[in-house]
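Number of protein chains: 2
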Amino acid sequence: MNDRFYLSLAINEAWKYQGLTYPNPAVGCVITDKNGAILAIAAHKKRGLPHAELEAAKAALSKLNPLLIFPSEANELYDFISKNHNNLLKNSTFYVTLEPCSHQGLTPPCAMLIALLGAKRVVIGSLDKSEKAKGGAQILKKAGVEVEEGFLKDECDELLKPFLLWQEGSFSFFKLALRLDGTYDNGIITSHEARVFTHEIRSVCDLIVIGGETLRTDNPLLDARLIEGKAPDALICTAKDVEKTANVFHVKNRKVLIQNSLDFPKQYKNIMVEGGSNFLNVMSEKVDRFLIFHSCDFSQEGSKRVEIDLKLKLLYQGFIGNCSFGWYRK
Amino acid sequence: MNDRFYLSLAINEAWKYQGLTYPNPAVGCVITDKNGAILAIAAHKKRGLPHAELEAAKAALSKLNPLLIFPSEANELYDFISKNHNNLLKNSTFYVTLEPCSHQGLTPPCAMLIALLGAKRVVIGSLDKSEKAKGGAQILKKAGVEVEEGFLKDECDELLKPFLLWQEGSFSFFKLALRLDGTYDNGIITSHEARVFTHEIRSVCDLIVIGGETLRTDNPLLDARLIEGKAPDALICTAKDVEKTANVFHVKNRKVLIQNSLDFPKQYKNIMVEGGSNFLNVMSEKVDRFLIFHSCDFSQEGSKRVEIDLKLKLLYQGFIGNCSFGWYRK
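As given, the protein sequences belong to chains P and D, one line each in that order.
In case it helps, the numbering used here puts the first sequence at residues 1 to 330.
In case it helps, the numbering used here puts the second sequence at residues 1 to 330.
I should point out that these hints are in silico values taken from the structure, not numbers from a laboratory.
Errors might be hidden in some of the hints.
Since copy identity is lost for identical chains, a pair holds within one copy or between any two.
[Said to hold, decoys possible] As a list, the in silico DSS-like pairs of lysine-lysine whose alpha-carbon atoms are at most 27 angstroms apart:
| hint | residue 1 | residue 2 |
| --- | --- | --- |
| 1 | LYS153 | LYS63 |
| 2 | LYS286 | LYS330 |
| 3 | LYS16 | LYS153 |
| 4 | LYS63 | LYS34 |
| 5 | LYS63 | LYS120 |
Hey, can you work out the whole structure from these sequences and the hints?
Dropping the structure here:
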């Protein structure tokens, strides 16, 4: 097994949490020991939780010393690992999809931690060009760590794309749920697990966008009730009047915007678009990515079908609760 | 990383070749060294090619001694490795989805090889219950190798299912190719790479089954021309007369059977069924598994849709040439 294999494991692990990490990038990290044995495969899961490198260091140390009891809060974890690593990760290699951060954000800088742990080598996919976090590779090199940059760069840049778009303004994606045969309807299509996952993604979006047709036929809540998460603000794109009795208006701590235009209001950065065939036709040129779920069912009851000419490229394929899902781009 | 992780890698690798290994089972093998570093992830790819264990031993030795030049023929490879392993795999662990074989088939017994290489431990998924190949675990134990049996048994048994059904009579699967939106038509749906893969699978089937409707509307060759492989015999299930001018009759070294019944003739063991909505409706109760390809396209041109009530369970999800494919069961 080689660098490509280990970094690919990190990329794959990071994609599992794509859509959940806003405003942070989806990042994966694999640690191997001096003999090349994998000690950890980890990813950043959510804002406020440990960065991928810290998650991986925890998993690796836990494997090497099962008696260690780690604090769960990210800053305490960083501090604990700094003091209790016992050189167990000396001469290890870190494979990270993104350059380790150099700054004190919600958590302290990962580059410092990796240097402190005595890693021999760090293989980096994308370089971090953000003003506040860049420079991690420099810190590592100064500490005498061997650094390789730009490894599997295209794959890592693709993984990083939503983060880059947030920096520039906003990232938007169209979420679609279909049966295996392409049908959908107003009822539930995907499994409970897949819907929980969708609500987790919704809960970190700041805006959810639907068309007037979905509002009138589905009357959805568009909240994150399955995980008791925060509902994003809602934007209804319609030329018609909207009844204020609709469910979408009766969710706490959420604004509802109604407009006769398809432009996303500028104050929102992480935008989920939901809908069926008509809204996909209207929005397919505007969104950056597509998140498409497929259940494993065929159904003669499913009367609605998507009608659009659209050629996509599959970026990552996942599986949750007997549903497959893919992140696609044009 | 633990036994579950390593054996899962082996299972996943084996699934990539499901459908291609007839009459042999799809088997995967991972080798780790005494420190737990992965030395090889391999699978049995095709009848006559090395078994998974032999493929893995070759890959592992090649990694440890890049100067070794291996013969490609399976028996010569077995012999070469027996003489040139130089104890490089001493104290390694083998993870195999199926008990290593104990018999001389087209290739010599894998259990003997693993013992000879000085493996410390072998973790086995399914036990081999076939009369001719069983007993590998016994050989290993007698040689002092630590053996764990029945690890991730359910997953490994599922992987092995086609092989078990061949022993009992026949294994059949329905192959379907759809766009992302569930549409299909008489033209080409999937990528060249996906079609090459399908022809590789066809070339090891002994029978391909279609309905009269497919014959009349598609007039398919049903051969394996994309890989210059052997075309399977063809069975056309129809109550109507069939024109002998159809393409299916003009493929070398193939029999064409026509019958007004859906029963598979008993002399065939590895049976691929192809068709659209109507034939899937007719055949869904008769076939053992489903192999469904999805391209990444939506198309308004695709006028045909599958209409059936069918709930499936996804067993393995793969990706080839921007098409995803899944093996499903009911």
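Results for each hint:
Taking identical chains as interchangeable, the C-alpha atoms of LYS153 and LYS63 lie at most 27 angstroms apart only when they sit on different chains, with a minimum of 25 angstroms there against 30 angstroms within one chain. Proximity of LYS286 and LYS330 under a CA criterion of 27 angstroms is satisfied intra-copy only: 11 angstroms inside one chain copy versus 39 angstroms between copies. In this homomeric assembly, LYS16 and LYS153 come within 27 angstroms of each other (Cα to Cα) both inside a single copy, at 19 angstroms, and across copies, at 26 angstroms. For the identical chains of this complex, LYS63 and LYS34 are neighbours both inside a copy (15 angstroms) and across copies (16 angstroms), given an alpha-carbon limit of 27 angstroms.
Taking the closest pair of Cα atoms, LYS63 and LYS120 come within 27 angstroms of each other both inside a single copy (19 angstroms) and across two copies (21 angstroms).
Checked against the numbered hints above, the structure violates none of them.
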